[in-house]
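Line by line, the protein sequences give chains A and B.
All letters in the first sequence, in the order written, are residues 1 to 462 by full-length UniProt numbering.
All letters in the second sequence, in the order written, are residues 1 to 462 by full-length UniProt numbering.
What the hints contain is simulated information worked out from the structure, not anything from laboratory work.
Hints may contain errors.
It does not matter which identical chain is used: a pair holds within one copy or between any two.
As the list claims (entries may be wrong) - In silico DSSO-like pairs for lysine-lysine, Cα to Cα no more than 30 Å straight-line:
no.: 1; residue 1: K198; residue 2: K156
no.: 2; residue 1: K296; residue 2: K14
no.: 3; residue 1: K364; residue 2: K422
no.: 4; residue 1: K336; residue 2: K354
no.: 5; residue 1: K198; residue 2: K354
no.: 6; residue 1: K442; residue 2: K56
Number of protein chains: 2
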Amino acid sequence: MTFPDSNVTNFISKRARARAIDPAFNSVGFGKAHDKGVAPINLGYGMPDQSFFPIKSLQVNLQDSSFEVPRETANRQEIDLKTGLQYASPYGHPSLLKYTREIIERIHSPANDRWDTVITAGGANGIDKCFDLLLDEGDTVLIEEYTFVPILGSVKNIGATVVPLKFDFQSQSGLDIEYLAYVLENWESLYPGKRFPKVLYTIPNGQNPTGFVTDLKSKQKIYDICVQNDIFIIEDDPYGYLELATDKPFDDVEEYLKSLPTSYLSVDKHSRVLRIESFSKVFAPGSRLGFIVAHKDFIEPITNYSVLATGFPSGPSQILINNTITALGGLDGWFKWAIKVRNEYWSRKQAAMKQLLQSSCAKKDQLIVFEPKAGMFISVSLNFPPGSNCLELMSKLSEKTAQHGVTVVPYQTLSPIPDFTKDNCHYVRLTIASAIDHGQLKEAFRRFTSAVEDLFQDLESS
Amino acid sequence: MTFPDSNVTNFISKRARARAIDPAFNSVGFGKAHDKGVAPINLGYGMPDQSFFPIKSLQVNLQDSSFEVPRETANRQEIDLKTGLQYASPYGHPSLLKYTREIIERIHSPANDRWDTVITAGGANGIDKCFDLLLDEGDTVLIEEYTFVPILGSVKNIGATVVPLKFDFQSQSGLDIEYLAYVLENWESLYPGKRFPKVLYTIPNGQNPTGFVTDLKSKQKIYDICVQNDIFIIEDDPYGYLELATDKPFDDVEEYLKSLPTSYLSVDKHSRVLRIESFSKVFAPGSRLGFIVAHKDFIEPITNYSVLATGFPSGPSQILINNTITALGGLDGWFKWAIKVRNEYWSRKQAAMKQLLQSSCAKKDQLIVFEPKAGMFISVSLNFPPGSNCLELMSKLSEKTAQHGVTVVPYQTLSPIPDFTKDNCHYVRLTIASAIDHGQLKEAFRRFTSAVEDLFQDLESS
Numbered sequence: 001m002t003f004p005d006s007n008v009t010n011f012i013s014k015r016a017r018a019r020a021i022d023p024a025f026n027s028v029g030f031g032k033a034h035d036k037g038v039a040p041i042n043l044g045y046g047m048p049d050q051s052f053f054p055i056k057s058l059q060v061n062l063q064d065s066s067f068e069v070p071r072e073t074a075n076r077q078e079i080d081l082k083t084g085l086q087y088a089s090p091y092g093h094p095s096l097l098k099y100t101r102e103i104i105e106r107i108h109s110p111a112n113d114r115w116d117t118v119i120t121a122g123g124a125n126g127i128d129k130c131f132d133l134l135l136d137e138g139d140t141v142l143i144e145e146y147t148f149v150p151i152l153g154s155v156k157n158i159g160a161t162v163v164p165l166k167f168d169f170q171s172q173s174g175l176d177i178e179y180l181a182y183v184l185e186n187w188e189s190l191y192p193g194k195r196f197p198k199v200l201y202t203i204p205n206g207q208n209p210t211g212f213v214t215d216l217k218s219k220q221k222i223y224d225i226c227v228q229n230d231i232f233i234i235e236d237d238p239y240g241y242l243e244l245a246t247d248k249p250f251d252d253v254e255e256y257l258k259s260l261p262t263s264y265l266s267v268d269k270h271s272r273v274l275r276i277e278s279f280s281k282v283f284a285p286g287s288r289l290g291f292i293v294a295h296k297d298f299i300e301p302i303t304n305y306s307v308l309a310t311g312f313p314s315g316p317s318q319i320l321i322n323n324t325i326t327a328l329g330g331l332d333g334w335f336k337w338a339i340k341v342r343n344e345y346w347s348r349k350q351a352a353m354k355q356l357l358q359s360s361c362a363k364k365d366q367l368i369v370f371e372p373k374a375g376m377f378i379s380v381s382l383n384f385p386p387g388s389n390c391l392e393l394m395s396k397l398s399e400k401t402a403q404h405g406v407t408v409v410p411y412q413t414l415s416p417i418p419d420f421t422k423d424n425c426h427y428v429r430l431t432i433a434s435a436i437d438h439g440q441l442k443e444a445f446r447r448f449t450s451a452v453e454d455l456f457q458d459l460e461s462s
Numbered sequence: 001m002t003f004p005d006s007n008v009t010n011f012i013s014k015r016a017r018a019r020a021i022d023p024a025f026n027s028v029g030f031g032k033a034h035d036k037g038v039a040p041i042n043l044g045y046g047m048p049d050q051s052f053f054p055i056k057s058l059q060v061n062l063q064d065s066s067f068e069v070p071r072e073t074a075n076r077q078e079i080d081l082k083t084g085l086q087y088a089s090p091y092g093h094p095s096l097l098k099y100t101r102e103i104i105e106r107i108h109s110p111a112n113d114r115w116d117t118v119i120t121a122g123g124a125n126g127i128d129k130c131f132d133l134l135l136d137e138g139d140t141v142l143i144e145e146y147t148f149v150p151i152l153g154s155v156k157n158i159g160a161t162v163v164p165l166k167f168d169f170q171s172q173s174g175l176d177i178e179y180l181a182y183v184l185e186n187w188e189s190l191y192p193g194k195r196f197p198k199v200l201y202t203i204p205n206g207q208n209p210t211g212f213v214t215d216l217k218s219k220q221k222i223y224d225i226c227v228q229n230d231i232f233i234i235e236d237d238p239y240g241y242l243e244l245a246t247d248k249p250f251d252d253v254e255e256y257l258k259s260l261p262t263s264y265l266s267v268d269k270h271s272r273v274l275r276i277e278s279f280s281k282v283f284a285p286g287s288r289l290g291f292i293v294a295h296k297d298f299i300e301p302i303t304n305y306s307v308l309a310t311g312f313p314s315g316p317s318q319i320l321i322n323n324t325i326t327a328l329g330g331l332d333g334w335f336k337w338a339i340k341v342r343n344e345y346w347s348r349k350q351a352a353m354k355q356l357l358q359s360s361c362a363k364k365d366q367l368i369v370f371e372p373k374a375g376m377f378i379s380v381s382l383n384f385p386p387g388s389n390c391l392e393l394m395s396k397l398s399e400k401t402a403q404h405g406v407t408v409v410p411y412q413t414l415s416p417i418p419d420f421t422k423d424n425c426h427y428v429r430l431t432i433a434s435a436i437d438h439g440q441l442k443e444a445f446r447r448f449t450s451a452v453e454d455l456f457q458d459l460e461s462s
């Protein structure tokens, strides 16, 4: 431990630190003592009375039940329209915050008690906020060699840069820990003049694109290395709920929760972890809602950024998600819904794996399938002949998949530093999320394997 | 005209210009030619099928009617759940974009045809995006001496600074145009070493806090000065729909639209205007939705910022607003609703004005009321005895209002440069938006005038 656990504020970026909200405005006549016991009437803050809202009530029809969102309710675990359509806290609505804290407590039992949560306007917004919190111009972020590349926008925007780490593709276990240690030990010679990394950005569970899950033992090792080097871990985990490693459908909530991939929070004795969750996969991407788990002293600086950039997260989105959780009977009902989603992903994964493994290109060893342990992506490694030009063959594969009527993602488009991966780019990402049913899913994977066979036939005959 | 109208891209900030989205990722296997006429199945983009969304349908009960949001619809002016809960365009949903373009066309008839609109995550988000688009570190923004100070967060975040302009408090007509010209003509001597302004940020209609409306003739003058000086105008107009100058309730849509305060767009021959609208006042603040009107070449750079910061605006918010407009019968029905909101604000304004003007402190000339021409704020100028310490007396007034049970906003808390306004800070902002009914509104204004009388009594007896 190179700095006291309790003091993380030294690591806040200069930009975020300079961003204290003007206390004069924040007061705006509020918070002043009111004598005489007269309840004050507000002529201060320009908050329209609820009679100005056109919507009287909402009825939400879920797949198996329905609920009403009334103008007003006394139930503190519901957000009524009076509250949900009004100006609101940049931290998020209290009831939803309560749920997010309980989710983290129950699934991940964080290794310290200095954490809190804050609602975000979705996963991408959570990532941008974490980078903003920690990174200054010239800072360096360690990043997986293949990853969710849109995050580069946030890093570049700050004027920071990324340095890629390697996966252990052999064991399919996630980050190559030896390579991580090697990079840090040899930083000066590998990256002369570049600032030593301040942050590791990782998608540890059902990684995009690999589908790898870093197990707890490996997380502990990576964590220890990061702590020794004063590196914060930004854990982006939108896919964890889509656990795929257990070989059956779930029914029991406790059993499901125990099966879920772990979080770095579980080993975070020293408050070096920021966890980003999203409601996109279990609820719906259009909701643009998620949350960050971080040291409690990070929450206000994160929120000060919200205030200037977005105000606060969408009320209708918070209403729909919070009240759906409540209508389902609280978190147990919510997890039951998550199980339903997970079971469908698992069953799609089974069907797609079968289709892939029974294909003649698998039998001819033209491809190796990475069976995902979580998430929505199956990856395939193509066994191109030794000495072939990887980029060129991947480009040919793209033509073939187009001809066969299937869209896929070549790994190289997910490479933050294309030059780093160009000789190891013989991978394709295939999502099981998007097909409208199992029939279409199987047909899509059939088309993909036909495209691969077609390509290898061309290679053999040329 | 000092630069060609058609080329505004030179004025995009360095940060925004560097932010092109990685074309490799954007392609992700899409957009490739598909031979054989086979409709491609998506194994590329990780977009969950709609069967993963827990909500089957929504019923929205408006004040006088109701409508359903189904899973799927063929009506292109409705956003169904399949679309609205899915990943979506950072530009906003096409149907809502269409409405925003029609709103602008119909009300403001822009003076050029190079404009377009883009949906934002609310007014604050729109402001942040416009500043991000135009400002680099060290740039200068002209700003009203009293304004919506949270915007300073965005300016500071970029490393830009603000310089205050003056109001013409005598004529209550908005910005003091002579002072604007004076500042620009004497820039070097008034602000030695400071970069010449690139942007004027103004709330021209129902200004916060003054309630002033800058009329079209004045807008033309201000616009001409800005064009001569290569200054862009960011017009923040959340309050325009709450027109208060016409002395009656409206019923007819055309009459209402003609009465609305004008936009700088109407004189914008040279594409120097960015207009920010919000759905907060006419729909609901919790929706966090609005739009920007700007030169079409500005739209993509604005959107590139969305992609990294928020992804795209909340689907549920877009569903509720877009489908409410459609359910009300399109824009005519929407404007009818706006009239209803406006009429209630107008009637509150009438009631509050009466309460103020009949008070004995008004009769004793202890205060002068600024009757607002639009918006949700009435301002009051206090006639403190000559030579009194303005800040000290305003602080005493705060104590008095607290004692009398009413919260108000002293102008000084809305001053971007408190030192600039400290000797001219004898104003209070009072909102008519927040009271639950006319009874409470009158009681609040009664308490306020009692507090003022109380203060002046103290002054006289001391």
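Quick rundown of the hints versus the structure:
no. : hint         : result
1   : K198 to K156 : both (15 Å within a copy, 24 Å between copies)
2   : K296 to K14  : within (18 Å within a copy, 34 Å between copies)
3   : K364 to K422 : within (25 Å within a copy, 82 Å between copies)
4   : K336 to K354 : within (27 Å within a copy, 58 Å between copies)
5   : K198 to K354 : neither (42 Å within a copy, 61 Å between copies)
6   : K442 to K56  : between (45 Å within a copy, 26 Å between copies)
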